[in-house]
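Please build the complete structure, drawing on both the sequences and the hints.
One-letter residues, chain by chain:
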Amino acid sequence: MPTPTKGPRLGGGPAHERLMLANLAVALFMHKSIKTTETKAKRLRPVAERLITFAKRGDLHARRRVLAILRNKDATHEVFTEIAPLVAEREGGYTRITKLGFRKGDNASMVQIELVLDPVAKKPSNKSAKAVKQEAPKAAVVEAEIAADTADMIEEGSPVVVSADAVVADAPEAEAEAVVDAPAEAASDAAAEEEAK
Amino acid sequence: MAVPKRKMSRASTRMRRAQWKATPPTLVKAIDSNGKVTYSLPHRAKVVEDSAGTPLFMEYKGRKVADV
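For the record, the sequence lines run as chains A and B.
For the first sequence, the tail end lands on 197 under full-length UniProt numbering, and the numbers increase by one without skipping.
For the second sequence, the tail end lands on 68 under full-length UniProt numbering, and the numbers increase by one without skipping.
The hints are simulated quantities; they were obtained by calculation from the structure and are not laboratory data.
There's no promise every hint is true.
In silico contact screen, one side only, chain B against chain A (beta carbon under 7 angstroms); selected entries [what the hints assert, rightly or not]:
1. His43
2. Arg44
3. Ala45
4. Met58
5. Tyr60
6. Val65
7. Ala66
All C-beta atoms in this analysis are idealised placements derived from N, C-alpha and C, irrespective of residue type, glycine included.
Written as structure tokens, this is what we have:
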């Protein structure tokens, strides 16, 4: 639920503000990204996100409530059929405000407010993130040891068997060097992946 | 309508105006690959230019946000 705004309304009065916010929301839903002043964008965000929440509900009652605010059938249809499925996985935060510059006439701070329609990137939860952090250094060390061992073996020139889903070197001695190289690379790749995680 | 009773002295006018001070803007320093130093406002989109200096679009955090 948006917090009631303190201070003066946008425009001339409460009715003017309602109309302005409805028009801004219509423009946002039709164009997906609009340029406006920072003050208007900050007021628009809770309004637009609440309308999208209604659209995600998707029933006739929700549609009538959105239509009562927007007063625009095209925009209401757009938000229910086009936008709502794209943000079905997203738990709030459907809009993004990026500050641009300052308007020439009155030096007002201008922003671009856009709908966030990209697929949701899953973030690891706090527990799993911590676990990964703790495991990662150990795993990296182990991989490094494996790589070091492989390097030693290469110097000795003997065929090697390395774990980590690598190729098992049962090959004759002629292929030994090639097979030895492959696990070494695999190990270093695996180490790099572990660090990336 | 309320009106001033006395002329405001030159000294008091000047003392009031002496408090009008400009503040330096907070800027972020960035050095690109050519060693060229640019200053920009923090948390604001930047204009991306091609090599000829023609503005292309506004960019923020590696994302194209708006046309110029």
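We went through each hint and held it up to the structure:
no., hint, verdict
1, His43, "6 angstroms, holds"
2, Arg44, "5 angstroms, holds"
3, Ala45, "5 angstroms, holds"
4, Met58, "6 angstroms, holds"
5, Tyr60, "5 angstroms, holds"
6, Val65, "4 angstroms, holds"
7, Ala66, "5 angstroms, holds"
Of the numbered hints given earlier, the model fails none.
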